[in-house]
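Protein chains: 2
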Amino acid sequence: MKKITRDQVIYAMGKSNKPVMHVNPGETLQIETEDCFSYQLVKPTDSLEENVDFSRVNPATGPIFVHSASPRDTLKVSIQKIELTEQGVTVAMKGLGVLGHKVKDSQVEIIPIKKNMIQFAGKEITCRPMIGVIGVAPGEGEVPNNTPGDHGGNMDTLDISVGASVYLPVFIEGAYFAAGDIHATMGNGEVCGTGVECRSVVELTLDILKDCNWRIPVIETNEFFYFVGSASTLDQAVEKAVDEAVMFIKQTNRVSWNSAYMMASLATDVMVSQAVNPLKTVRVRIPKSLLDI
Amino acid sequence: MKKITRDQVIYAMGKSNKPVMHVNPGETLQIETEDCFSYQLVKPTDSLEENVDFSRVNPATGPIFVHSASPRDTLKVSIQKIELTEQGVTVAMKGLGVLGHKVKDSQVEIIPIKKNMIQFAGKEITCRPMIGVIGVAPGEGEVPNNTPGDHGGNMDTLDISVGASVYLPVFIEGAYFAAGDIHATMGNGEVCGTGVECRSVVELTLDILKDCNWRIPVIETNEFFYFVGSASTLDQAVEKAVDEAVMFIKQTNRVSWNSAYMMASLATDVMVSQAVNPLKTVRVRIPKSLLDI
Chain A
140 MKKITRDQVI YAMGKSNKPV MHVNPGETLQ IETEDCFSYQ LVKPTDSLEE
190 NVDFSRVNPA TGPIFVHSAS PRDTLKVSIQ KIELTEQGVT VAMKGLGVLG
240 HKVKDSQVEI IPIKKNMIQF AGKEITCRPM IGVIGVAPGE GEVPNNTPGD
290 HGGNMDTLDI SVGASVYLPV FIEGAYFAAG DIHATMGNGE VCGTGVECRS
340 VVELTLDILK DCNWRIPVIE TNEFFYFVGS ASTLDQAVEK AVDEAVMFIK
390 QTNRVSWNSA YMMASLATDV MVSQAVNPLK TVRVRIPKSL LDI
Chain B
140 MKKITRDQVI YAMGKSNKPV MHVNPGETLQ IETEDCFSYQ LVKPTDSLEE
190 NVDFSRVNPA TGPIFVHSAS PRDTLKVSIQ KIELTEQGVT VAMKGLGVLG
240 HKVKDSQVEI IPIKKNMIQF AGKEITCRPM IGVIGVAPGE GEVPNNTPGD
290 HGGNMDTLDI SVGASVYLPV FIEGAYFAAG DIHATMGNGE VCGTGVECRS
340 VVELTLDILK DCNWRIPVIE TNEFFYFVGS ASTLDQAVEK AVDEAVMFIK
390 QTNRVSWNSA YMMASLATDV MVSQAVNPLK TVRVRIPKSL LDI
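Protein sequences, first through last, are from chains A and B. The numbering used here applies: residue 140 is where the first sequence begins, and numbers increase by one. The numbering used here applies: residue 140 is where the second sequence begins, and numbers increase by one.
Chain A with its partners taken away, still in its complex shape (with noise of 0.2 Å):
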């Protein structure tokens, strides 16, 4: 199996960073990320204000071309593995999260991972182990990593997780993939800013489509598809996304628009995947058991 270290990563996702590895479509591969500050949390001691260097944050593992992707295409990328490392960091910090303003002091706690559990402030909380950053170059320009939007990024969604697969429309040739800042657990909204935010090594296998239309992120799972939407407020995300998944019900069910968006309004789900980030990102869950599929 393929493996790319951790020191190779990039801070924004675009066509100008240089490929680290080449894939055909359909190979596993084995990439170790960093944690979202660069492992310079480690200790009780550390703090947001002396050890951390801001232009590192948001490292993704990559960009990898993967040979035949073309613009238009789909990127689908699916996750077999997330192994935690041995402990996480998660952050209060002036500024950051739904209620920054209300930081007196910033506060990093060092948080030990142990069996898929841990313990925050006296309470046992399960792991629900994720990747935050997963995406492909946009067709132009760049996208800084802290940031989601069409072409995946910072979408600090819960089910980006095992057994999952993300799908991505390709922007360019080759497609340059990437993933990093897995949580070892977060919240849906994320309202602090961070999770337990770790080092991994991830397992994945890239492949590409050619017959997909979908222009927003989408997650499967055993049981739903999620469609993914970033904008500057969550009202816009919602439109954005609820407007995806009911073109997919229409088309797929061959249905009226209207019978598509009446059924999104009775069995489909909104859920908020993060509020904190500069785009803020929710899903729409639509159950497969509604779809002709």
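Simulated from the structure, these hints should not be mistaken for laboratory data. Keep in mind the model is a prediction, meaning the values are calculated, not measured. There could be a bad hint or two in this list.
[Stated by the list, open to error] The list that follows gives simulated cross-link-like pairs (lysine-lysine, BS3-like), each with its CA atoms no further than 30 Å apart:
#1 A/Lys141 / A/Lys254
#2 A/Lys427 / B/Lys243
#3 B/Lys389 / A/Lys254
#4 B/Lys233 / A/Lys427
#5 B/Lys142 / B/Lys182
#6 A/Lys262 / B/Lys262
#7 B/Lys253 / A/Lys389
#8 A/Lys254 / B/Lys427
#9 A/Lys427 / B/Lys254
#10 A/Lys262 / A/Lys389
#11 A/Lys389 / B/Lys233
#12 A/Lys427 / B/Lys241
#13 A/Lys427 / B/Lys262
#14 A/Lys182 / B/Lys389
#15 B/Lys254 / A/Lys389
#16 A/Lys243 / B/Lys427
#17 A/Lys262 / B/Lys427
#18 A/Lys389 / B/Lys427
#19 A/Lys427 / B/Lys253
#20 B/Lys427 / A/Lys241
#21 A/Lys233 / B/Lys389
#22 A/Lys262 / B/Lys389
#23 B/Lys389 / A/Lys253
[Unchecked claim] Here are some of the chain A residues that sit facing chain B, going by a computed Cβ distance under 7 Å:
#24 Asp146
#25 Tyr150
#26 Pro210
#27 Thr229
#28 Gln258
#29 Ala260
#30 Ile264
#31 Gly326
#32 Tyr400
#33 Ala403
#34 Leu405
[Claimed, not checked] Simulated coverage check for chain A against chain B, where a stretch passes if three residues somewhere in it have a Cβ under 8 Å from a Cβ of chain B:
#35 230-242
#36 266-273
#37 328-335
#38 371-383
#39 387-396
From the three backbone atoms N, C-alpha and C, an ideal C-beta is built for every residue, glycine too.
Position chain B relative to chain A; hints supplied.
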């Protein structure tokens, strides 16, 4: 058991309404509720333009005067039963919902409800009966029943269902409780602006708590507390609900505000209730396993 018929309704919550019943704390009562269109859409040939008097939408049965309820108390509403009637209605309406601007022709769908199931566009959907409008009179003025707020109102929140308790801040003597707008089912977000809108018979118990300092509606189920925030935008609603949830975790677990904030980020879930009413509603779900209760 005291009963209120569905002809005793209000269209806005406020102290100018005359109570239709007085109850003591701890009393269980049965209320019939009207559907959100006041049963003006009952046949497949009925239309929004020709059959609906829009001054009569969103009726709530009540108001009910609860003895001993005073400002700064909390009204606890425990929901024992939501009996659905034999049919409901869903509409796609020009201008209504997240994609209302894309609705070309309004449409009315009468939907039979059988054995807690509905069929829509060829698919079977299991009902999740819930109460859309549930609230008390605000301290000043009137709030139309189409609008949610700190007083409750049109929160359209799926978890307001059988087995749950809803806690509402009391603003005036007697509380002036009212409820209506039952949905046989809806998805989180209620994206087209309607669920399966139906008449129902609801059984609930009203109680008064004197030592509770919640400033927004809270829902309790076996496993979770939900803090429910409504505001002009989803982003503002998230901030409001998270603020109250973090304060609750801080006070309940006697931890620092920073710790409560990080705990919320790691293990609570921000959820969209509805994205379509004049104010939008989100809830923050806190697992009871996180709390020292």
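Results of checking the hints against the structure:
1. A/Lys141 / A/Lys254: Cα-Cα ~27 Å, so holds.
2. A/Lys427 / B/Lys243: 27 Å, holds
3. B/Lys389 / A/Lys254: Answer holds: lysine 389 of chain B to lysine 254 of chain A is near 27 Å, not above 30 Å.
4. B/Lys233 / A/Lys427: With a Cα-Cα distance of about 28 Å, the restraint between lysine 233 of chain B and lysine 427 of chain A holds, given a limit of 30 Å.
5. B/Lys142 / B/Lys182: This hinted pair holds, its Cα atoms lying about 28 Å apart.
6. A/Lys262 / B/Lys262: 42 Å, violated
7. B/Lys253 / A/Lys389: Within the cut-off at roughly 26 Å; holds.
8. A/Lys254 / B/Lys427: Holds, because 22 Å separates the two Cα atoms, which is no more than 30 Å.
9. A/Lys427 / B/Lys254: 22 Å, holds
10. A/Lys262 / A/Lys389: 45 Å, violated
11. A/Lys389 / B/Lys233: 18 Å, holds
12. A/Lys427 / B/Lys241: 25 Å, holds
13. A/Lys427 / B/Lys262: 11 Å, holds
14. A/Lys182 / B/Lys389: Measuring from Cα to Cα gives roughly 25 Å; hence the hint holds.
15. B/Lys254 / A/Lys389: 27 Å, holds
16. A/Lys243 / B/Lys427: Distance ~27 Å between lysine 243 of chain A and lysine 427 of chain B Cα, so the pair holds.
17. A/Lys262 / B/Lys427: 11 Å, holds
18. A/Lys389 / B/Lys427: This hinted pair is violated, its Cα atoms lying about 40 Å apart.
19. A/Lys427 / B/Lys253: This hinted pair holds, its Cα atoms lying about 22 Å apart.
20. B/Lys427 / A/Lys241: The given pair, whose Cα atoms are some 25 Å apart, holds under the 30 Å limit.
21. A/Lys233 / B/Lys389: Satisfied, since the Cα-Cα distance of roughly 18 Å is no more than 30 Å.
22. A/Lys262 / B/Lys389: 13 Å, holds
23. B/Lys389 / A/Lys253: Distance of about 26 Å is within 30 Å: holds.
24. Asp146: Status violated, d = 28 Å.
25. Tyr150: 23 Å, violated
26. Pro210: Interface hint status for proline 210 of chain A: violated (27 Å vs cutoff 7 Å).
27. Thr229: 5 Å, holds
28. Gln258: 11 Å, violated
29. Ala260: With a closest approach of 5 Å, the alanine 260 of chain A hint holds.
30. Ile264: 5 Å, holds
31. Gly326: OK, holds: glycine 326 of chain A within 7 Å of chain B, min 5 Å.
32. Tyr400: Nearest chain B Cβ about 5 Å off; hint holds.
33. Ala403: 5 Å, holds
34. Leu405: Holds - the Cβ of leucine 405 of chain A comes within 7 Å of chain B, reaching about 6 Å at its closest.
35. 230-242: Three-residue rule met by the stretch 230-242 of chain A, so holds; n is 7.
36. 266-273: Not satisfied, violated; 0 residues make the cut.
37. 328-335: holds (count 8)
38. 371-383: holds (count 7)
39. 387-396: Result for this restraint: holds, n = 3.
When each numbered hint is compared with the structure, violations occur for hints 6, 10, 18, 24, 25, 26, 28, 36.
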